[in-house]
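Asker: Sequences and hints are given; from them, build the entire structure.
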Amino acid sequence: MSKGGLLRSSVVFSAMTFISRVTGLIRDQVYAWQFGASPAMDAFFIAFRIPNFMRRLSAEGSFSMAFVPVLAEYKEKHDHAAVKELIDRVTGTLTAALVVLTAVVVLAAPWVMGVFAPGFAPGSEQYRLATQMLQITFPYALFISLASLVGGVLNSYEKFAVPALSPVLLNISMIAAAAAAAPLMRPFGAEPVLALAWGVFFAGVLQLVFQLPALAKLGLLPRPRWGWQHSGVRKILKLMVPTLFGSSVAQLNLLLNTALASFLIVGSVSWLYLTDRLLEFPLGMFGVAIGTVILPHLSKRHAATDSEGYSKALDWGFRLCLLIGVPACLGLVLCAEALIAALFQYGRLTPQDTQMIRLSLMAQSTAVPAFLLVKVLAPAFYSRQDTKTPVKSAVVSVAVNLISTVVLLLLAVYLTDAGRAALARGAGLTQALGEVPGAHACLALAIAIAGWTNALQLAWYLRRARVYRRQPGWGRFLRQIGVASLGLSAVVLFLLWLWPGWTGWPWWERAWKLAAVVGAGGAAYGALLWLQGIRPRDLRGH
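For reference, each letter of the sequence shown is one residue, going 1 to 542 in UniProt numbering.
The set of hints was computed from the structure by calculation and includes no laboratory data. Possibly wrong hints are sitting among the right ones.
[Claimed, not checked] EDC-like cross-link-like pairs, simulated, lysine to aspartate or glutamate; straight-line CA separation at most 16 Å:
#1 Lys235 with Glu85
#2 Lys84 with Glu73
#3 Lys75 with Glu158
#4 Lys238 with Asp386
#5 Lys235 with Asp386
#6 Lys235 with Asp88
#7 Lys217 with Glu158
#8 Lys75 with Glu85
#9 Lys235 with Glu73
[As the list claims (entries may be wrong)] What follows is a set of in silico ranges between Cβ atoms, one per label pair, in the way DEER data are often shown:
#10 Trp33 with Glu158: 35 to 41 Å
#11 Ala527 with Trp33: 34 to 40 Å
#12 Leu486 with Tyr346: 32 to 38 Å
#13 Leu411 with Val115: 23 to 29 Å
None of these values were measured; they are calculated from a predicted model. Glycine is no exception: its CB is placed at the ideal position from the N, C-alpha and C atoms.
Answerer: Structure (structure tokens):
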């Protein structure tokens, strides 16, 4: 790793990601203002979630987890020409596979939508609209997967800024689509929400093109070539197949729960989407940054048989995840209503929507530390080209999510007045679920339970593998985080007690009071860490 250590690279990545998250927040505010939590937006979120799932697989999941370690090995053991040929072959093979997949999904969109949104009545306007938007949005998966390949190469050469900044183009494209293009659709007889689908399509193209000049500077601009028989490509494919499941467990759980949300009260899909977006602030800014930076570093240490450096890098990652994850969890749970009211409750998004999002945000935020830890735990296995262990953990996690979801939804039906009343008049279980307010929070809680299950399993497997040796000072470090977290909680709770009634204030009052709460809580946490002796140099990494 270059001078400045792992922390410096993570800060660069996080700074670029912060810009992306801010523009993403503006995008979601425009969504809320223009469309609210409507049936049309439920349809769009499901149509977009399917290609976005492919993005998560490629950018943060199986492809990167398989490609980066093999690329690191080629860099360590082969010359530039061999590295270039690997990239050419991977690009050609990936492009061919994605073109076929995209064509199949576009042609079979009505059947695909039936699988991912079984709660949408076939033949309904919502079903038709979701299917049409899926046909427009799915090519995004092709473009963004190729953009992720380019980003993986740049990250391996410690060029983190450009890949981290490229998601800004998605947000800019979507803001333009929602704010400018959507109002122009209705005069032409089209649904305004279709503008968002076209915004997704063009965003994929922009993100790919944006990164190509940086790759050209490295002399690695790919010339796509079929590479099924190439040894490096075959090795990546061998590693990638199991990681398709293992590295994407959180997204599989989210996709499953989105499908189940289509049976619930109208607006549930949108409430869960906005919940996920708020969670993306800590997970996207820090979790993805840490995971992206640490994977090539661990892969390099493993290729060089540097077991001591490998273990220290893991220890650094675990400490940073807890240092960020614990206060993020507390902040999201305690400030849920304030965050949603200040950020999204405008235009068509109502105070009732705010309360519904608050329930799911509080439930799912309890697993923020677990989600962050998985961003380090999973690369610990993939960097060693061990793809089987994360799959074992993922299987159990998905099963736990499914079981938890079923149990919690049954409790929501049988223990609430609305659910019992629906059953009493002869409604079926799925119909009763569609009448229970807050049932979507059960899905969020199930994801949190599955997230902790996945993290704890991976930690246990890592300990059993004996590749990680805990560094000194963990007991003191946990006490320091505990004291700082208590201080943060006390400050935030006092200010929330002082300022009740967030949903009734004008926007400017919500904005400055939220800034005061978040700033005071963050300052209290940082000051208490400093007073206890934690300094930035202690977290630099090597």
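Asker: Which of the numbered hints above does this structure break?
Answerer: Per hint list: zero violations.
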